[in-house]
Amino acid sequence: MLSSRIILTTTLLIVTGILSGIAQTAFARDETALVIYSGRSDKFVKPVIKLFSEKTGIKVILHTAKSTALLNKLRAEGPRTEADLYLSNDAGNLQIGADMGLFKAIPENIANVIPKNLRAPDNSWIGLSARSRVLVINTKSKNTHFIKSVFDLADPRLKGRLGITHSSNESFIAGTAVYLESKGEAKTRDWLEGINNNSDGEAFNKHSKIVAAVAKGRKDVGLVNHYYIYRHLDKSPDSPIRIVIPDQSPDSIGVAWNVAGIAISKYSKKVPQAQKLVEFLISTEGQKLFAQLNREYPTRKDAATAAEIAPLSTIKVADVPMSSLGRLRNKTLDMIEAVGLP
Amino acid sequence: MLRPRLNIQGSLSGMVVLLAAIPLLFVMLNSVQLPLDKWLGLWNTRLPSLFWNTLLLAALVVIGCFILGVSSAWLIARRQFRGRSVALWLMILPLAIPTYVFAYIYTSLMDVDGWLGSLWITLFGNAASIPDLYNVGGVALILALSGFPYVFLLTHSALLNSNPHMEEAARIHGASSREIFWRITAPLIRPAIAASLAMVTLHVLSDFGAVSMLRYQTFTLSIYLQMNGRFDYQSAAALSSILVMLALTFLVLERFFRSRQRYFSANQAKTWRIKHASKKELWIIWSWLGLISLFAFILPLAWMLTWSFEAVIAQTLGSEFWGYALNSLVIAIIAATVCIVAALPIGLFHTRFRSWLSNLFLQMSSTGFVLPGPVVALGVMTFFLTTLPALYGTLAALTIALVIRFLPLAVQSQEAALSQLTPSIEQASRVHGAGPLETLWRITLPMMRNGMVAAWVLVFIDALKELPATLLLRPIGFDTLPVRIWIEASEEMLEVAAPAALMLVISTIPALWIMLRSTRQST
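So the sequences go chain by chain: A and B. Using the numbering used here, you'd call the opening residue of the first sequence number 254 and step up by one each time. Using the numbering used here, you'd call the opening residue of the second sequence number 24 and step up by one each time.
Worth double-checking, as some hints may not be accurate.
[As the list claims (entries may be wrong)] Cross-link-like lysine to any residue pairs, in silico, SDA-like; alpha carbons within 20 Å at most:
id, chain 1, residue 1, chain 2, residue 2
1, B, Lys-298, B, Pro-412
2, A, Lys-469, B, Ile-144
3, A, Lys-519, B, Pro-412
[Stated by the list, open to error] Computed far set for chain A versus chain B, every beta-carbon distance over 12 Å:
id, residue
4, Asn-370
5, Ser-502
6, Asp-587
Please keep in mind that the hints were generated in silico from the structure rather than gathered at the bench. Glycine is no exception: its CB is placed at the ideal position from the N, C-alpha and C atoms.
Throw the hints in and build the complete structure from the sequences for me.
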């Protein structure tokens, strides 16, 4: 009895000790590797990183989580951070990080291949790929032909026929921030109330579910990021849906836009390698792969766009610098909360 | 109540409590920096709805868990029927499924093309009337399904451990079954029910996974959004401090009502002669237990199996997947072991040297459970960054965060086990010349073995499922199964999320088996 107890207890303690030992050594990471705090889905990042490592021999570790949570971590860690780079799908987050002084500016001679409105004014972050907020409409739906603008979504004729994401979605927030900056507070509040009304207080937890609902005719119109529509068409190419790029007439604001981008941590101890990675990501080769994996628009003008999406040159984009999305974040959140969107 | 004595147990528990209080200190330091007008702003805008949302949710979950847990425990403990041990397993297996996985599975099942969603449309022909989970009812359902096994476990073991002589004596004196239940059994199992419902309530207050998946604004979600969406630590801390006060009030009340009743069982030998269920009873028992486990375990399991099967076919599971599983096991084993060792002095100090100090220690040790996981993580993170930077980013920091979060689970079960032991046996050992350590080793620990095992298993399971602290504090490149589920679920990668969830369930089974075996040996 006594001995079995001793054996059990000591085994447990020894196992724990060994595990801690193994854990500390086996899980100790390669100190030469670059660490990216990544708020973007691994499957869209890994292939590019792999190619980079093959070309340069520099190893990269992806530390993936939600963009905002990682920014929070970066801020709390300060000089102790192990992150060399920060990757986010949202320009708002990148600019907030820049305003907090978490990033190191990327030299102009590297950054200048990317248009000025798609990077921070001081180059503390650079946009890598862009996505637009477009409309997906069921081709069999009635009375949807008047929809030319995002603001038409607030039209009472669409009562119960509109699909939107939960208002916590970062693309939804960024889009709303663009409308707020282009059209002002009163108009945006009316719009939020209108779409809240038209969606019947029901919100989808995923963009892909909106596209699916529109394809099935459960909803007639949806507001989504453009690539979700192509993802749906991959699986069911005969779906009765069409894409409308909103606000394209000469007097409209242009389609809302958001970029995914990258920044170098201010406290990175491997700045040269980190810059190499940034250079690769904005090279024509890196740009093509990075953007096309998710069928986004490359931010570099001379990089190829995926064949099926509308060429950038044919689209009018809302004239809101991406760096202003950070400044607008809290105000946008307040408005969304005040209207009470789900 | 005695005057506090700072003996060895006292000083050791003091040290553990100091560690456990780190997140609370962090919250207090940050919330005092919040200017008064912001406090008033919170008070006027957010707080009323947060209070209402949180309390309503807690009340619904407690009612749900009470009904599910106590009924199933009584049926299984007091009736002998075919498949009883299967039933026992079915009632505790939901413990293996994290709340965010529950929430995720149910949103996917209730979707228009989900199993339940399409069933609904077949039955009622209307997609619009499918019940929405994004409200208090949905969240309460999820949390009740995932929380009732705690009530089941504690009530079941209280029913088995209560002394049969009392019920027999009552029966001899002519009491009816109903009278026996209300006058003998109910009072005997009341402490266990109260303790388990308290545990459920604390789980509700600090739940992050389900409320954030279902976007139901409780204190925890609101705190998380303040921290992460708006980078407003001070408001987050202020809300946390209110949540802590709410939870501590609740705990003190619960303990106050419970402290009036203590039962020492003089005789450890118990032999229950359990009634065989009649045909009719068997039918009722199995329809009720079957219904519970259909929703609490079988459906989620079937979902996981289906999607894991798809994953195997599509060959999406790489070697990384096994790495995540290994990481999860490693951290959960370390955390559980450290936790039960750390909890022991607190339980001993409180049960054997009860005083206001031991009471204070006990309450303080539960702060990690009361505070939202993201806040605990941030507190521990700040502590390590400022005072022990060398250990930041290592497994040690993560382990400490997990120990702080789950210490109360260990303390609760150890204390429950200790308070059922009459101190006279320990006193006898001391009288016969055994030292305090020898007494602990030869008398106390063996007699509270079940409590220790239960504590280890409970912490292990919760650490295995833990999400918010692991997300923030995991070493670079150290991904666990919950972390991957969280990441993949937000990308709708069912083929990756489902096998990870299934793996969590599988890893939990041996731990549950150990716990069940140890309770069975004692009866």
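We went through each hint and held it up to the structure:
{"no.": "1", "hint": "Lys-298(B) <-> Pro-412(B)", "in the structure": "61 Å, violated"}
{"no.": "2", "hint": "Lys-469(A) <-> Ile-144(B)", "in the structure": "14 Å, holds"}
{"no.": "3", "hint": "Lys-519(A) <-> Pro-412(B)", "in the structure": "18 Å, holds"}
{"no.": "4", "hint": "Asn-370", "in the structure": "25 Å, holds"}
{"no.": "5", "hint": "Ser-502", "in the structure": "34 Å, holds"}
{"no.": "6", "hint": "Asp-587", "in the structure": "10 Å, violated"}
Hints 1 and 6 from the list above are not met by this structure, while the remaining hints are.
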